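Assemble chains B and C with the ligand onto chain A, guided by the hints.
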Amino acid sequence: MYIHDEFDSTLLKERVDEFRDQVRRRLSGELTEDEFKSLRLMNGVYLQLHAYMLRIAIPYGTLSSTQMRMLAHVARKYDRGYGHFTTRQNIQFNWIKLSDLPDATADLASVGVHGIQTSGNCIRNVTTDQWAGVAPGEVDDPRIWAELLRQYSTLHPEFSFLPRKFKIAVTASDHDRAAVKIHDIGLRLHRNGAGEMGFEVLVGGGLGRTPFIGKTIKPFVARRDILTYIEAILRVYNQYGRRDNIYKARIKILVHELGIDKFAREVEDEWLSIKDGALALDEAVIADIRSRFKYPAYEKLTDNPDELKQALADPTFKAWYRNSVSHHRVPGYGIVTLSLKPVGGPPGDATAEQMDAIADLADRYAFGEIRVGHEQNLCFPSVAKRDLPALWRGLDAIGVATPNVNLVSDIIACPGLDYCSLANARAIPVAQEITRRFADHDTANLIGRLHINISGCINACGHHHVGHIGILGVEKNGEEFYQVTIGGRADEGAVVGTLIGPAVPYAQVANVVEDIVEAYLDLRLRPDELFIDTVKRLGVEPFKERAYATG
Amino acid sequence: MTSPLQQKLKITGPSIVTANRTGDGAVIYRTSSNGWSTELSDAAVVRTADDAKALWAEAMADDLGAIGSYIAPVEVGSDGSIEPGNIREAIRLRGTTFALPASA
Amino acid sequence: MPLVKGGQIVADRYVRILDDAPIPANGAMLVPAERFLADASELIARQAETGVIWPNNRDIDELGPYLDRLALVALVFPKFQDGRAYSQARILRERLGYRGELRATGQVLRDQFVFMLRAGFDTFEVKKEADAKVFGEVAQRYSVFYQPTGDGRSPAFRQRLQGFATRAPALRGAGR
Ligand code: SF4
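Protein chains in written order, with my numbering: chain A, 1 to 551; chain B, 1 to 104; chain C, 1 to 176.
Isolated chain A (complex conformation) (with noise of 0.2 Å):
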């Protein structure tokens, strides 16, 4: 857990004030929508279908047991009694007044949790894997990294303006779980030869309408250097970036069209000149930051107890064990999973009673801390394997122990034409109706890991491009049309889906998926062949026609 301090608390209390003079400033008509909106967007307030939307961070992915209280609070008090958790290590709230917003964004700020820079054309929410600090192997805790950028972009004074959005994301593992290959930064901790610490920074990486993988642009950037390093990448892209169409304005973009090279010594040149300045890190800093991350007092415990081999019997228990459980840096302890993907249900939603009763299991099981992921589940960072079995009741009694995990159920959907105003197609119930036909967990057991994302127009939002089996909703004469890609990424591997023909209507949809499915299991050289290795080794052409075979 981060410990926020008096600094941290006292700028939240002063950005709180501006809003809501702002805020004051619409509603009286001293502002008009136009000056008003990029500074609502600023706090994370879009205007969706049916309302406004809080959009409210959750950096890098950690909550303690009192914020997730608080957003329950501000659920029921501002909004329906629900949140959506997004792929960006967001919340969402859907129905809030405008003239609500002043006091539910103090109310979140008195737990340290706030909207600030969750949309517009600036440095967004900086996200990292969610076992950061208990997953094994990792190289450091990156969320270490991800706070110190976290300070260092909110309220930039010269990046508050960009061409556009710019997502960055970390990650210390072998396994990357962040996604960094498709941000506009991307930050691979490791060790270079001489076992010097440091980060392999990306650049260019992101989905919507030009999907592109990020780039190595510099392969070592020591630990001092990354703030100055990536405030050269920022003011390159600032001052060059396209700001005449708003699909070119990425930086994607503009690292296409100069060229990685070019675009890598502009970077260069601008950074020597800033590299020794105010922004270089040193150790003190850095070693201040990392002391105010509070890790759990783990107990020396065995790694197999009594309590989990005798529950493990149950074949229920069992099945939510192997799927949702997961390797802990430490012996005795486990990281769970908790599923946001009951079948039929909206992806990502969590209930105000789900959200408290979470944070009460978090306080009794998992030392008061949860996470969040960008597949749209939670998680447990530490949980003693002794505990395993009461906190799986505790799970299963609010519907958060369902074991899908990884599985063809598990579906990443943006919230589509249910509620927001850019979509083409609907998303939420396409993702229901998938589960509704693979809810039997032994069938999905079988499949194995299968990622499907669902995105509800080009933008992208539910990752369609790096889903293993993508879904993007498009507009053809007023009416709802699917494309679906097989064989995206977005791990390491990151690559980016291959269409499989023409779009479907809504009605095929999930069929269109089970057939893919079917030929998958026909086509699998072992059952261990995941669904993404069998598409790289055979190509869409087999899926393809059994696809298009049936409709």
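Calculated from the structure, these hints are not laboratory results.
Heads up, a few of these hints could be off.
In silico DSSO-like links for lysine-lysine, alpha-carbon gap of 27 Å or less [unchecked claim]:
1) B:Lys8 - C:Lys79
2) A:Lys37 - A:Lys13
3) A:Lys165 - A:Lys37
4) B:Lys53 - A:Lys476
5) C:Lys127 - A:Lys37
All values reported here derive from a predicted model rather than from experimental measurement.
Just chains B and C with the ligand, lined up with the frame of chain A:
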């Protein structure tokens, strides 16, 4: 930049003007008496591009009361009842196409 | 459009010269970049103060050779959302060492004052009278800053090492 009002406007059938209310974001419809209503049945229906433009211009002038106003298609029944003309507007009128989590 | 300097609304001493208007022999004047570059040697030889309006899509380094003779650089915010001039301002102040007047022009609203002060601007052509009047108050709105800029304020990550009590004074140029 040309204002949307100066651009050529085509409508394909009966249309209304809709927006969201500034204070709470609620979906509202422009009425024939220079106001707004949350009921689609109160909406002023226009059938020509010129009328649509005029209604829209009037709506856009109310920057304090409403945001993001635009022209949307509707279907008018033989009894004069007004129905949304596309799925987006149907969702704005009736809410999400699935039950909200809290009420489930 | 009111001009704010040192937190106060002041009269603008500079006369704006259009592209092809004759150059007056004396009096402070402000000329567009093209005009300035075309007649630079003649202009900076004048006895009176010369300022230049520099567009946000032109490399600010081009001004380097003239900076010690320029009394004013006016940078432009054509739209509230167009933030290129923030980078130009920091480069002028922090890399090129410009110490003259640095003026924000265009869509300048109260909600940018803090950013602009931190980037190095010290005068402001404010779009709305009401915003100009509250400049001093708005400029003091924040007491915590997370990143270092040329304004010399110590960012939170350094101040933490010294304890909360030693927080820096309010922004310079804020008029208090
Ligand atoms: S992908 Fe499109 S429809 Fe989905 S949330 Fe993003 S903008 Fe909205």
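message: I'd like to know which numbered hints this structure contradicts. Please list them from smallest to largest.
response: Hints that this structure does not satisfy do not exist here, as all of them hold.
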